[in-house]
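Engineer: Each position in the sequence shown, counted from 1, maps to that position plus 10 in the working numbering.
Pair by pair, the computed Cβ-Cβ distance ranges are:
1. Gln52 - Arg182: 28 to 38 Å
2. Thr56 - Asp101: 19 to 29 Å
3. Gly80 - Gly166: 32 to 42 Å
Keep in mind the hints are simulated off the structure, nothing from the lab.
The C-beta atom is built at its ideal place from N, Cα and C for all residues, glycine as well.
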Amino acid sequence: PTLPGGDEDPDWLLTVGADGTPVAYQPGQAGRIARFVDDAWQSYPTDGWSAVLAATTTTAGDLWASVQAGDDEFAVGHYDGDEWTWYDNADLGVREGWVNDFAETLDGTIWAGVGNDGGPAQGGLSRFDGSEWHLVDPFSTDGRFATVELEVAPDGTLWAEMLRIDGDGRERYLGRWDGAAWTVRPHHGTWGLPTSSLNDGQVVWPAAVDHPNSSGVGEPTDIERTPDGSVWWTTEGGLFVVAPEAVMTTE
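With these hints in hand, go ahead and build the complete structure from the sequences.
Structural biologist: Right under this line is the structure:
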């Protein structure tokens, strides 16, 4: 498949929603959002935002999106197939920043990780119970922290990569929510949670673009894995998909 705007318009990022649907969104000005269904991209209606910061679909097929509404205004939108419902930072319980990742756990709870690029570790983590948002502090200290990334493992465990101000500097932490309690420890590995390794114990090679059928397409700007094992990634050359049997992995 090509990108929603065609391969001549490569400025798209990918995510795979909880329903297994690939979702593409443009982080730039007047960004668009689309999902890949029935071998075609279906665009969502826009609602006056200036940029898209994150997006995902739920098991029910709804869309959640984080957008920039103005110079310093950020919001989270829920699209149920008919209309948008909007929430601001006050609704999420955070003081500043924007949602840069979503996750849905097996109980249907929507989680939103809040951070801000390059600034103080201010943001947080919030969960949606179906009617309202609740601020969550995995550290149980009311400290300042930002959530960088969220992932849900097949067993329902929620993983969160977080950044926190400790002493005179900022420290990285990995949080694990097992459905009942948080476990948090320092995180000294590479940035990013390995989505594919959470799926089946394998890690997709970052150099997947070196596959014989995809030479010369450039470095990946985003990479995701769908439930059927296919790998989707965007590059300056467009959108590429590798079938499960052709994916290069390592234990």
